[in-house]
Amino acid sequence: MYVAVKGGEAAIRNAHALLAQRRRGDASVPEIGLDQITGQLSLAVDRVMAEGSLYDRELAALAIKQARGDLIEAIFLARAFRTTLPRFGASVPVDTGAMRVRRRISATFKDLPGGQVLGPTFDYTHRLLDERLATQAGDDADRTAAETTTSARPNVPPLPPAGEGWGGGTAPTPDASPAGEIPAPSLPSSDRTRLLPSSTPETEAGNIRLRSGRGFTGARVHTSGEAAEAPAGPMPRVTDLLGDEGLIEPAPADDGTPPRDLTREPLSFPADRPLRLQALARGDEGFLLALGYSTQRGYARTHPFVGEIRFGEVEVSLHAEELGFAVPLGEISVTECQSVNQFKGSATQPPQFTRGYGLVFGQLERKAMSMALVDRSLRFAELGEEKSAPAQDEEFVLSHCDNVQATGFVEHLKLPHYVDFQAELDLIRRMRAEHAAEAEAQAPDVAEAPHKEAAE
Amino acid sequence: MGPDAPVSEPKTPPPVPEATADSTERQAMMALYARATRAELEAAVERFSPLPQVRKLRPPEAGLVMVQGRTGGDGAPFNMGEATVTRAAVQLEGGATGVSYMLGRAPEKAEAAAILDALWQDPALKLAVNDALAPIRRRLAAEEATAAAEAEATKVNFFTMTRGED
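Residue numbers (this note's numbering), protein chains in the order written: chain A, 297 to 752; chain B, 714 to 879.
These are computed hints drawn from the structure, not numbers from a lab. The model shown is predicted, which means the values in this text are computed figures rather than measured ones. All residues carry an ideal CB built from backbone N, CA and C; glycine is no exception. Don't take every hint at face value.
Unchecked claim - 16 Å max Cα-Cα, derived EDC-like pairs, lysine to aspartate or glutamate:
(1) A:K361 to A:E305
(2) B:K769 to B:E738
(3) A:K361 to A:D407
(4) A:K640 to A:E545
(5) B:K868 to A:D331
(6) B:K868 to A:D407
Claimed, not checked - So the derived list for chain B, only partly shown, Cβ under 8 Å to chain A, looks like this:
(7) M743
(8) R760
(9) S762
(10) P763
(11) Q766
(12) L777
(13) R783
(14) G786
(15) D787
(16) G807
(17) A809
(18) V812
Stated by the list, open to error - Footprint (simulated), chain B over chain A, 3 or more residues, beta carbon under 8 Å:
(19) 376-386
(20) 540-552
(21) 614-624
(22) 650-657
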């Protein structure tokens, strides 16, 4: 507990002025614009939108700028802003099956309808710092990855501008292309069909190591000219493919009940799965990552496969009372992860794969995967599994996954606690005086000091 | 948990238009307004200048929509997070009521969309409004083609290889 303090107004004013000055940095360097943040730090924007639980790229960029890049502070700002707006209603649930897919991979099937689309990914990059980005010369340079500078490709067409209309703000950067072997994306032409040169088998892209049921597989990457000509076909969910054979449990049916909303009612337990998913979708990426990791290491083993990850744009629509139909509101970028986990069966039901699900704003693959892992581990009771680990404890997970709540309680410790502490000082002085008096009385056995709880 | 966002009070709602068979068509137009830029919509409105007098039934207002997803992609819904939305409603002198809802905080764009929605409901103007949006359709189609081709260029084929030690 802390009590009000007075004074310090001038110091606080000056501290905030100093903060503004430090935020601005060196005045001889141009100030960063929101368009630069949304365009060039788009994954930071995505994270603030997801954990701020507020989809608005510009607002998220403003929050990042104001918070000097402190993403939890930016998330806090986004959460505070949302409380100033009225809510018009709940959307029609988005259909991720109808997504405009920009990336879609499966770790369970190498050949699947719609194919594997890497999209703008860090996967298979070598994690070598690219010095050309340091000099801002990257825009003009031939944008192969740093490690393949020998491949001379003078006629690479320039990248189309990644501006408005990309929606997600996630135009693939050439830096993301595997080992620089795929030319910078441009409208496809037949001369771009190529296989990786066999002389570079050691590169990650040339020999992608995949986990499969039977061991490691190698892979070759190529850009398929004929595939590029075909219009993007439908991309059924991997879970639907398994579902057709009854090999995987179906998703819980929609019985028309509106989902509970933890922004309208305090989180209470037991939490049903939709409520848990809401909490996880806005939960801290680091916390969920660590919990997901713990399940893989054996704390609530759930044997996951990534059935599918897809990223792209989905349309959002809202049923407007005054119109009597659903109004399309535009598109948002989301990442979805379907995990396929080990089995559940019963006397009446043959064994089936089970599932975990992750769905988040923006291109946040690590978050979506962590969410799917934790969603699955939280289902232990429903699936008749033993409870043995923190990642299965919904009260532990859901009560601590919100980083705005967590930071509020941790950081309140730095606020003035002078009165509390004065009381504790008095207490410990009294205890020490009693102790000294007892020692003086030569008591043979040391009396146990009364245990006092520290005040909050 | 921060304090909850206030529930929007139902403000004098615009009169309910007749539910018509062409609501699908109207939805398609609304999807276009939502994906257009403010400049594009204002340019489209400009084509119908001089406009009849526009009465603002509902001045542009920013708010939130709770975006829902579905468990497993196709199951029971859950609340994923909110998105900012702007809505507006106008009535044209002697004409229809136009309504708009769109993602983002964009009062001018929402108002332009509401005006276009009202104009479009006039059978005499429907085709003209449709034509006025042609540049938007072209831009979106070109961008979609580019984005689809960029994604397609990253399509992989993985070939399973046998392990050496077997």
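Tell me, which hint numbers fail for this structure?
-> Violated: hints 1, 2, 3, 5, 8, 9, 10, 11, 16 and 17.
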